[in-house]
Amino acid sequence: MTDFDCVVAAAGASSRMGEWKLLLPWGRSTVVETVVENALKACPRVFLVTGFRGDELAAKFAGNPKVVCLSHNAWKQGMVSSLRRGAAEVTTRRFFVALADMPLVTPALYERVAEACSEEGQVPAIQACRPVFQGKPGHPVLFDRSVIAAITAWKEGESLKGLLSTLNTVTVEVQDAGAVQDFDIPSDYNTARSFLGVSLPRDDAQGKTTGAIRFTDDFLRPGMLHAAVLASPHAHARILSVNTEQARAAPGVRGVFTGADWTNLIGLYMGDKPPLARGKVRYHGEPVAVVVADDEASAQTALRLLEVNYQPLPALLSLRQALSAQAEVLHPELGSYSHIPAIFPEPGSNVAHRTKIRKGDAQAALAIAEVVVEGTFSFPPGDHAALEPRAVQAELSGEGRLVVRTSTQSPFGVRTLLARSLGIPELQIEVLVGAVGGGFGGKAGIQLEPLACLLTQKLGGRPVRLVNSREADLISSPGRPGLEAHIRLGSQKDGTFVAAEIEFLFDSGAYADYAVNVARAAGYACTGPYRIPHVKADSLCVYTNHPFATAFRGFGHIELSYAMERAVDLLADKLGMDPAELRLLNAIRPGDTTPSNSVLDANTGNLAACLQTVQRRLGWRADRWTDQQGKVHAQGISTFWKAPAIPTFTDAGALLTFAEDGSVTLATGVVELGQGAHTGLRQMVAEALKLDPSRIRVVPQVDTDTSPHDWATAASRSLFMAGRAALDAVADAVRQIKKIAAQPLRCPEEDLEVAGGRVFVRDDPRYSLPLEKIVLGYVYPDGNAIGGPVIGRGKYIARHLTHLDPETGEGRPGLEWTLGACGIEVEFAQDGGFRVTKAACTMDIGKLINPDLARGQVVGALAMGIGFSTRESFVFDQKGRVLNASLRDFKLLRFGEEPEYFVDFLETPQGDGPFGARGLGEQGIIGVPGALAQAVSRAVGVNVVDLPLTAEALWKLREGRS
Amino acid sequence: MLQSFRYMAPRTRPELLDLLAEYGSRAKLLAGGTDLLVTIRAGVHKPEVVIDLKKVEGFSGLSWSQTDGLVFRPTTTINEVLQDARVRKDYPLLAACAHDLASYQVRNRATVIGNVVNASPCSDMAPALLCLGATAVLSSKSGERRVLFQDFFIGVKRTILRPEEFLERIEIPAASAGVKGDYRKLKRIQGHDLGIVGVAVALKGGKLNIAVSSAAPTPVLVQGLDAGIAVEAAVEAVAKATSPISDVRCTKEYREFMIGTYVRRLLQEVRA
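Protein chains in written order, with this note's numbering: chain A, 339 to 1300; chain B, 78 to 349.
It is possible that some hints are incorrect.
Each computed DSS-like pair below joins lysine-lysine, with the alpha-carbon atoms no more than 30 Å apart [stated by the list, open to error]: (1) A:K1133 - A:K1077; (2) B:K257 - A:K969; (3) A:K912 - A:K1077; (4) A:K1217 - B:K329; (5) B:K257 - B:K105; (6) A:K1294 - B:K264; (7) A:K1217 - B:K264; (8) A:K1294 - B:K329; (9) B:K329 - A:K969; (10) A:K1217 - B:K234; (11) B:K264 - B:K281; (12) A:K379 - A:K404.
DEER-style ranges, computed between Cβ atoms [stated by the list, open to error]: (13) B:K123 - A:R1131: 57 to 65 Å; (14) B:D303 - A:R1296: 30 to 38 Å; (15) A:L661 - B:Q345: 45 to 53 Å; (16) B:V325 - A:L923: 22 to 30 Å; (17) A:R658 - B:Q267: 29 to 37 Å.
Derived from the structure by calculation, the hints contain no laboratory data. Predicted, not measured: the structure shown is a model, and the values here were computed from it. The beta-carbon is built from N, C-alpha and C at its ideal position, and this holds for glycine as well.
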């Protein structure tokens, strides 16, 4: 934005308020600080005109060189006198005037006003510009410095309105009520005070930065037994024998177990996996045997005494090979595995699941399409590399219940699946989850828990600790799927898409886990956010002898996006069109249908605006250029969408209780895994109760015995669904509060309002009671009591979702579609290595709850996407063994490699989202591989088809080697 | 992986020599520990005894004299080398190699001698020491041996050091001061990483030395080329001396290509 000074009038005494407004709490600071902070996001300098208690304000901003405090003795004369004082100091061509008691004036409003008055050469020249909301004049007001003389000379009263009526003032319609929202009495303040769009610090910030927070493996205690797991060195082999004799005799050893010890089959959506390999190993890293000992060293020592005799078998390593009729069937028992009805395994083959999409007639449409492109795109499997490796402790309690403390995204899912696979009633299982050090989908299913539980059952219920080393976490526990995609995309000559034929082969590795549903998600979203009338797609989840795959951030959408965006780029090349233009032309809009023929409703975000914002942030160029140091630069742009791949009955519960001091506790089933959902939920409750967030706590751990049920902390749905449940719980509590308070306040319940920690009569706030006198029951002066504890009960369940038709894919799978765009700029050094210099992402998230946390999620996702695209993949040898199963060779993005990030949010409300919000946790990663591949393709002049984009891969591409 | 060992910290050189004589191959020497502790954790080394060199008198720091040249001792860290004014001024190739070794934090602990006794083919300090004609001084109870570095490495992770011996000093001749040279290291990421290949070039008294890491079982030296040698002849000489393999980090072909590329660029740079 052009540089404008800003004059903030902060001189008044707020006589009607009863107390001085400017230093009342607001957001994470005070009213006046919020106003200045907002102004400084839009303007480089603020002149704060102070009068009443001016010294305090001067002291508050003394450390900020961008804020100049101007003391104004004549402040009692009114607004224009303050304006005159400030205008005298202004040096910019135009300047803003804002009020210090209007904290809801956002930086976006400044931008909106500035844009409206940017038309040059208008006659007569614009002298002032004012925002108007529903006919009411608002702030900030932009002045041209040519009017300073008029302001100085202005004598007729001191109202701003009077002054503006003498100038050539233009008005700009705004949609944001904040432009007119001030507050002169306390109930206005309490009602207007918003806790949304405020960057409250995370609930766990202090605990995590000081190391005080305890993760699962911090709950060690004396008497705990330690398990160590022997992993298969082969990708595919028959287990001829396991000799455990020596290990059993080793000091400290309490038990040695192999696959033969149990007959259970475990699985998330399909029970295809034994707790330890039985008869055969199907991937490098598969657990084969386990030693339990008094301490970790004894367990590890004994592990080396195990003798396993393998007969190596040919490994099935390519997806095409796995699908051929001659391929060995890795799961001959596929037909007998139990599975959920939403997946469709094909027994007798290696297909664990197939989603079919048949929309229109793609074959016929492609046959007559004016332009058709075709391509095959792929990448190998990889891993999440969450900071905390998986860890679990299991034991039988005194009364014989199974108590499991684990690092999971899915406490209730673990309970259900344990019950099912171990044959124990759910009542006999308690799952405890505290802080989790990152999941990214890798902890969304069930992982180490069943084995730990089986071990404690074998060992008299003693607590057993089972923890992955980093190396085991990389390959023994599931990673993300690989992909091979084949796409034919057809358009008219003008670039309008007409049809697509899509095949996705997901490499699920040895077991299906979440990958079956990943393939399903990629199927129903297969086209990306484009309007394509004719679509035929087959999305398959295929067994191979690679490490098995589970959910990964983006869940099918990052995979489909990479392939589809590459195809769109091929088309742009063939048409000679700017790739951004081509995307804009075909961007999906409300009223269009998805591949599963569900209509995008009025809650659909603004994809075109996302794309345009990213273009603006990048300074979009569709060419390649060389800088003065001889470095080659290029940009890439992509769009993306995501709908959570959740069961149709996905639910969330919330429970709101109160303490004797009126403070509030919200319990949910949401796990805090670094995403900040608890902080967001706290803000929503604060907003709904109009109560300072410091008086609200969200229970940081989940205990399946006491926490309300919640499907899982996955699919970017916690803020949405637990948010809805929390709001429902607040509404329920407020109803109870009003019911109780109506008696002592002697008024109808519907006349009452709850805000600022009080319940009061809406039109006569003098009649009020503090919450602490109500929430545990009201006690009359004579001792009689009424009411009882207020307990807010909240719930939410996904609405209108349906299964997909097995033959056509028709149905409504998506709770909401988050739309966005992504942009990348790369810089190539002379040795062929490149650096990502810019990464931009704009998403339409409906409503911004906590800007810093939202930005953090997106920046993290972009970084993860860069790692995904450039290096974070497994490297296999010819026998299917993972060569880079350690962080020494599985390289993650380092701090020094981060690009400059540009993160923007649009707010087209999601009607059914809490306060209009939709999910945003995963989405930032989705568009990165496509945008990065486009940028790199343009820079090197050859089309990228495979990831990761290592320097060597690019060298081979340029040399034409395969 | 956890495993137990005895930790010993001799204070004097004779004590150390006694311990080495007693434990020999059952002992491992600890200086910075940046390689040793990792290999112990991975179960590659299972020493009975770990002997810490950091408390031995006179084993730290670096010095320079006209007779001995630049001298590194058993606990001289990479960062000490980088911070030394004489190194920066007179031994730019040494500084270039040291600067490409791992990260600042690791360089605070990692030692020059540790980097070479580890004898990894991808040693970053070896190319500089080879190019500059450095000598390794090996000590044991039975006395001292002096060898040039091209005779020090004998295989992957193998040196001529005997079990009871340790590398006490590295001497870089005073005559190598002022030698023009530089190092290029190909990595998978920006910042610290093990080298995919590393090439060092030094121009010394009308002769050209080229050393390459990660391109053969040991770091390789091609020495005494004519300073004016044709670029492609130098590339060929280096190709002949090296035998890169394919591994998790890259293929043989890419290594060959990048070695040639770096030789060409470095020649242009040092002869400019």
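* Asked: Which numbered hints does this structure break?
  -> Violated hints: 3, 5 and 16; rest satisfied.
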